[in-house]
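> Now for the letters of each chain:
2 protein chains.
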Amino acid sequence: MGNPTAAMLVIGDEILSGRTRDANMHFLAGELVKHGIRLAEVRIVPDIPGRIAEALNALRGGYDTVFTSGGIGPTHDDITADAVAAAFGVPIDVREDARALMAEYCDKMGRELKEARLRMARIPEGAKLIENPISAAPGFTIGNVHVMAGVPSIFQAMVAGVLPTLTGGDALLSQNLTVQRAEGDIAATLRTLADAFPDLSIGSYPFVRDGVYGTNIVIRGTNGARIDAAMAQLSALFPEAAA
Amino acid sequence: MGNPTAAMLVIGDEILSGRTRDANMHFLAGELVKHGIRLAEVRIVPDIPGRIAEALNALRGGYDTVFTSGGIGPTHDDITADAVAAAFGVPIDVREDARALMAEYCDKMGRELKEARLRMARIPEGAKLIENPISAAPGFTIGNVHVMAGVPSIFQAMVAGVLPTLTGGDALLSQNLTVQRAEGDIAATLRTLADAFPDLSIGSYPFVRDGVYGTNIVIRGTNGARIDAAMAQLSALFPEAAA
Numbered sequence: 001m002g003n004p005t006a007a008m009l010v011i012g013d014e015i016l017s018g019r020t021r022d023a024n025m026h027f028l029a030g031e032l033v034k035h036g037i038r039l040a041e042v043r044i045v046p047d048i049p050g051r052i053a054e055a056l057n058a059l060r061g062g063y064d065t066v067f068t069s070g071g072i073g074p075t076h077d078d079i080t081a082d083a084v085a086a087a088f089g090v091p092i093d094v095r096e097d098a099r100a101l102m103a104e105y106c107d108k109m110g111r112e113l114k115e116a117r118l119r120m121a122r123i124p125e126g127a128k129l130i131e132n133p134i135s136a137a138p139g140f141t142i143g144n145v146h147v148m149a150g151v152p153s154i155f156q157a158m159v160a161g162v163l164p165t166l167t168g169g170d171a172l173l174s175q176n177l178t179v180q181r182a183e184g185d186i187a188a189t190l191r192t193l194a195d196a197f198p199d200l201s202i203g204s205y206p207f208v209r210d211g212v213y214g215t216n217i218v219i220r221g222t223n224g225a226r227i228d229a230a231m232a233q234l235s236a237l238f239p240e241a242a243a
Numbered sequence: 001m002g003n004p005t006a007a008m009l010v011i012g013d014e015i016l017s018g019r020t021r022d023a024n025m026h027f028l029a030g031e032l033v034k035h036g037i038r039l040a041e042v043r044i045v046p047d048i049p050g051r052i053a054e055a056l057n058a059l060r061g062g063y064d065t066v067f068t069s070g071g072i073g074p075t076h077d078d079i080t081a082d083a084v085a086a087a088f089g090v091p092i093d094v095r096e097d098a099r100a101l102m103a104e105y106c107d108k109m110g111r112e113l114k115e116a117r118l119r120m121a122r123i124p125e126g127a128k129l130i131e132n133p134i135s136a137a138p139g140f141t142i143g144n145v146h147v148m149a150g151v152p153s154i155f156q157a158m159v160a161g162v163l164p165t166l167t168g169g170d171a172l173l174s175q176n177l178t179v180q181r182a183e184g185d186i187a188a189t190l191r192t193l194a195d196a197f198p199d200l201s202i203g204s205y206p207f208v209r210d211g212v213y214g215t216n217i218v219i220r221g222t223n224g225a226r227i228d229a230a231m232a233q234l235s236a237l238f239p240e241a242a243a
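Chains as they are written, first to last, in UniProt numbering: chain A, 1 to 243; chain B, 1 to 243.
What the hints contain is simulated information worked out from the structure, not anything from laboratory work.
Bear in mind that the values here come from a model prediction, so they are computed numbers and not experimental data.
Each hint should be verified, as a subset may be incorrect.
It does not matter which identical chain is used: a pair holds within one copy or between any two.
Said to hold, decoys possible - Quick list of in silico lysine to any residue cross-link-like pairs, SDA-like style, CA-CA up to 20 Å: (1) K114 <-> V90; (2) K108 <-> V208; (3) K114 <-> L193; (4) K34 <-> L118.
Same shape as in the complex, but just chain A (with noise of 0.2 Å):
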């Protein structure tokens, strides 16, 4: 498939220690979906500078666009922007429109705009900010990189922004049937179908389901056309199977 690609690097401490189960990957993979854009790699690393900039390094290069999430807070352990600044290798310092964004707020929300909170207007040189509708501090984009917050609401609301400025591909669809079956009894007639559908992206998903074995058939591509053929095909084949 030709559509662009994307990566996203999780800096995710409490991922990998197993205190949080991650939702932004999966709300970026639906939203990269909808839009034509293909995520093709996910990294976690920890809350480490080093290790973020070398994921990231190898990321920014390999594909055509890196989401980032988490670690641009105001405290200690947010090290994310000055990572990535190293990452770049560009200097980061506080910038005057991402504070007069946080002193605005601060205002509003009757809060003192300590030396923590200017944390988060630290933002690399040359990069260009991503609003945050919900808390201010800002997120940024610098080169094909666009480093967001990890709080899932305002994760999703920077999404939100950076989405319409990318350029997207034919858009991903699929189609899905469920089948009483296991998949190792029709794994051979799947194969034959992959077969005569290359172009097409032919999936199974085995499950058990109160003792009963089954499995979830995902066909994927961007000619609708050719997918609604591979499903008559496959629905014709499995006539007591669900779409």
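With the hints as your guide, set chain B onto chain A.
Chain B alone, transformed into the frame defined by chain A:
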């Protein structure tokens, strides 16, 4: 922390496409913490042999243990075992002991041991089988890599089988304090605490609930007495907070 390290490789078209929200990573992270093994990186790659082999070789060289999830079923898109064999540069073929496990299970279930199912008896040379108490098709261990199914119930059963064979470390302990204050208001305090306890990791995770800003403070380490001491200082600083 001198604990053993682990990485996870998720073979996951269904996660990258947004269809499925990961559950195995979250489960494994929690189990490893209990076992004193530090999950230090996760990568999610598509069901493409070259991408699997490349990521696997990067991870198995960088960490003590690697766990993989997904892509070991009977269908044409289940290519993990072959990709792992390629990564290790060893041959792969149907192995008699794995075949016998499958045959016994199919016999018991009244299923045919079709050619497709025999795909699941393909084991790289030199690997050791991982028992699958649910649907027989085994995982396998080769070198420091444990190759397991993606279906969560089977993944979990395989992890339960593998973990006791691994050398763990001191248990990774954590305590949590929830404060009804914005992260920016407590950042300076947390930094002072982090400086006083350099052997502990002090993380802060902001949230917004019903319009109220709060922060979860998580103190992690292997020395319970030190964590208690840090928590005592923290609780004294935020007497209104809930542990």
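> Now tell me if each hint is right for this structure.
Against the structure, the hints come out as follows:
1. K114 <-> V90: neither (25 Å within a copy, 59 Å between copies)
2. K108 <-> V208: between (53 Å within a copy, 17 Å between copies)
3. K114 <-> L193: between (62 Å within a copy, 18 Å between copies)
4. K34 <-> L118: The answer is neither: 36 Å in one copy and 37 Å across copies each exceed 20 Å.
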